[in-house]
Amino acid sequence: MTTPALEARGISTGYGKSLIIDGLSLEIPAGQITALVGPNACGKSTLLKSIARLLPIAAGSVLLDGADVHALPTREVARRLGVLPQAPIAPESITVGDLVWRGRHPHRRLGQRRTAADDLVIAEALTATGTADLVDRPVDRLSGGQRQRVWIALALAQDTPTLLLDEPTTYLDIAHQIEVMDLLADLNEQTGKTIVLVSHDLNQAARYASTIVALRDGRIVRQGPPDQVLTAETVAEVFGLSALVVPHPRDGAPQIFPLGRRDLV
Amino acid sequence: MTVLDHAAKTSPTETAALLRRRRHAAARRTAALVTLLAALLVGLLAVALTVDLKRVPLSEVAPAALGLRDGLADYVIFKIRMPRALTAVLAGALFGLSGVLYQRLIRNPLATPDIIGVSAGAGAGALTMLVLLPALPHGMTLAALAGAFAAVGVIHTLSRRRGTVDTYRVVLVGIGLSALFTSYHTYLFTLADDQDQATAMRWFVGSAAGADWTSVTILAWSLGACALGAVLLERPLSGLTLGDEMATGLGARVPLARTATLLLGAAAAALATSVVGPIAFVALISGPIAARLAGADRAGWLAAPVGAVLVLASDVIAQHAPVISPVPTGACTALIGAPYFVWLILRRTTGDPT
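Protein chains in written order, with this note's numbering: chain A, 1 to 265; chain B, 1001 to 1354.
If we strip away everything but chain A, and leave its shape as in the complex, we get (with noise of 0.2 angstroms):
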C-alpha cells in the first residue's frame, strides 16, 4: 500500500470528560474512497472531526502526509484538507457565488481581493457539481440536494487533495443522495482526491468505497476492501442485526438485508 494520506496514531478524544475515542489508530489509504460506518453514537463522527482538528484530540497525533494536524497552522491544513461538515450554516440570503468563493478564503492573503483566477477555480467547482446554474439564487432557497452539491462546490473551491464529509447525504431523497455519492466517486477518478466520508448506508458505502472501517464503541472493529468487512458476522458484531449479504447483481459488492425479529422465527 502506499503511504497514507491521513494517519491517526493511538488518538484520544470526546466531550467534556468523558472519552469517545480511547487509542484509536487509522490509516486512510491515499487516492481511494473510505467509508467509515457503525451504530448511532460508535464515534464515526467524533473520529472523522478529530482527524480534521474540528475537536481537540486529548492524546495521539493525526498526521496529514506525516505532518501534525493538529500542530500545524490551521489556516495551512486547510490548504490541504477540506471539510464538509454535517450541519453547516449558510448565511442569510447570500447567494451561491458568494457561498462557494468562501472556499477560497485559506488562499487569500490579509485584505486580498478575489482574482479572475479565484474565479476560475469557484467556476470549476461549481460545473463539476452541476450547480455553475444556481450562481445568482439564495442559497436558503435551494432544494436539500442542490444545497448539498453547493456546499461541496466549496469544499472543491478550497482545492485540497483530500476531503472530508461528515454524512454529506443524510437529508437528502435517494436520487440525490446517488447523485451526490456519483458526485464523489467522479472526483475522486478523475483527480485522485482522497475522500473520507461517514455514512449511514452500508449499501451505499459498499458500493461506492474501496475501504469500509467499521466502528463500534470509540473502536475499530474491521478495515479493508468492503467484502471483506461487509460480512454477516461483522454486520452482526458491529450493528448486533443480523442480515443477509447478497452480492450486488451488477458489481458484486456486498449488500446488506437486515433480518428482523420476524425473519428468525
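Keep in mind the hints are simulated off the structure, nothing from the lab.
Just so you know, even glycine gets a beta-carbon here, dropped at the ideal spot from N, CA and C.
Check the hints yourself; a few may be wrong.
[Claimed, not checked] Among chain A residues calculated to face chain B with C-beta under 7 angstroms, some are: (1) Arg-75; (2) Val-83; (3) Ser-93; (4) Asp-98; (5) His-105; (6) His-107; (7) Glu-124; (8) Ala-132.
[Unchecked claim] Pairs of lysine to any residue, SDA-like flavour, derived with a Cα cap of 20 angstroms: (9) Lys-1079(B) - Val-1047(B); (10) Lys-17(A) - Val-1165(B); (11) Lys-1079(B) - Leu-1053(B); (12) Lys-1054(B) - Ala-1227(B); (13) Lys-1079(B) - Thr-1217(B); (14) Lys-17(A) - Asp-217(A); (15) Lys-17(A) - Thr-1157(B); (16) Lys-1054(B) - Ile-1080(B); (17) Lys-1079(B) - Leu-1066(B); (18) Lys-17(A) - Ala-59(A); (19) Lys-17(A) - Thr-1164(B); (20) Lys-17(A) - Arg-1161(B); (21) Lys-1054(B) - Gly-1071(B); (22) Lys-1079(B) - Val-1056(B); (23) Lys-17(A) - Arg-1160(B); (24) Lys-1079(B) - Ile-1218(B); (25) Lys-1079(B) - Pro-1326(B); (26) Lys-17(A) - Arg-1162(B).
For this one, chain A is given, so just place chain B on it according to the hints.
Frame of chain A, contents of chain B only:
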C-alpha cells in the same frame, strides 16, 4: 472536470466570466452606495450647520466651519454645531460597525451590543463615573470600556456549551443582563444630585448635545482603530458566518477570532456610548439596512456609513423638527428602531424562512 451530464451546458470559462461580471457589478454597486452615503452625509452636515441659523449669515457658515471666523459665527458653528454633527457621524459609524460585527459573529440579527446588554454595561460603567467621580480625565471612556467588556465576559461565559457559543442563549442571557444593568442605572440616578441627574438622564437617552472637539478626537481615533480591527478580522469572520466547524475547516482560528470580534464590537459600542450615551437601535438596524442596499455578503463594509447617516439625520431631526424638538437623539433613532425590533421578533417567532 465535467462530472454531471446536465452540467455540461455552460463551460467553466463561461461561468468564470459570469462570476467576474457579477463580482465587478457588486464592486461597482458598493462603490456607488459608498459615494451615495458620503454625499448624503455631506448634505446632512450642511443642513446640520445651517438650519435654523438666526444671527449668523449663511455666507459665514463655510469659513466658520473651518475655524476661520471669530465671535458668534465661530461659537455657533465651530464650537457647537460642527463638533456635534461630527460626533453624531462618528458615533453612528461606531454603532453601525459594532452591530454588524455581532450580527455576523453570533449569526442572529437580534444579537447586537445595544440589545444584548453590552451597551448597557458600557452605560453602567460610564454612568458610575459620571455620578461618583466626574473629575477623572477619560474616566467615562475607560469605565464604559470596562463595563462593556465585563458584559461580554458574562454573556460569553454563560452562553458556552460544548466548546462553542450557543447563539440563542447569547440573546436570552444578554436581554436578562440588560435588565440588570437598567436597574443599576436607576439606582445610580437616585444617588445623583439634581444637576448630575439631569446630565445623566440626557446622556442616558443618548444625545450628541454638548459634544466638543475632544469628543470628536476621541471618536475619530476610536473609529480608526476599530475599522482597522474589522479589516483584520474580515476573513475569519466571514468563515465564522458558516458555523464554527466550517470556519475551522477553512483555516480560521475560531476561539481567537471570536474573542477578538466580541471585544472589538464591545469596544466600538462602548467608545461611542461613553461620548453620546447608548443611542438606541442604531447598532441593530444599520447592518440589515446595509444588507438590503448592498447584498448580504457586503453589508459588513456599509453598516458604518449607514449608522453615521442614521445618527446624524436623527440628530438634525431631534434638534430642529417642529413641535417635538428639542429631544435627545436617541428618542428619534428609537422611533425607527423599536418598530423594526418588534417586527424582527415577530418574524422570528412565526418562522418565516426568509
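Going down the list of hints, with the structure as the test:
no. : hint                      : result
1   : Arg-75                    : holds, 3 angstroms
2   : Val-83                    : holds, 4 angstroms
3   : Ser-93                    : holds, 5 angstroms
4   : Asp-98                    : holds, 4 angstroms
5   : His-105                   : holds, 5 angstroms
6   : His-107                   : violated, 9 angstroms
7   : Glu-124                   : holds, 5 angstroms
8   : Ala-132                   : holds, 5 angstroms
9   : Lys-1079(B) - Val-1047(B) : holds, 16 angstroms
10  : Lys-17(A) - Val-1165(B)   : holds, 19 angstroms
11  : Lys-1079(B) - Leu-1053(B) : holds, 14 angstroms
12  : Lys-1054(B) - Ala-1227(B) : violated, 38 angstroms
13  : Lys-1079(B) - Thr-1217(B) : holds, 14 angstroms
14  : Lys-17(A) - Asp-217(A)    : holds, 16 angstroms
15  : Lys-17(A) - Thr-1157(B)   : holds, 19 angstroms
16  : Lys-1054(B) - Ile-1080(B) : holds, 14 angstroms
17  : Lys-1079(B) - Leu-1066(B) : holds, 11 angstroms
18  : Lys-17(A) - Ala-59(A)     : holds, 13 angstroms
19  : Lys-17(A) - Thr-1164(B)   : holds, 16 angstroms
20  : Lys-17(A) - Arg-1161(B)   : holds, 14 angstroms
21  : Lys-1054(B) - Gly-1071(B) : holds, 15 angstroms
22  : Lys-1079(B) - Val-1056(B) : holds, 14 angstroms
23  : Lys-17(A) - Arg-1160(B)   : holds, 16 angstroms
24  : Lys-1079(B) - Ile-1218(B) : holds, 16 angstroms
25  : Lys-1079(B) - Pro-1326(B) : holds, 19 angstroms
26  : Lys-17(A) - Arg-1162(B)   : holds, 11 angstroms
Of the hints listed earlier, those the structure fails to meet are numbers 6, 12, in rising order.
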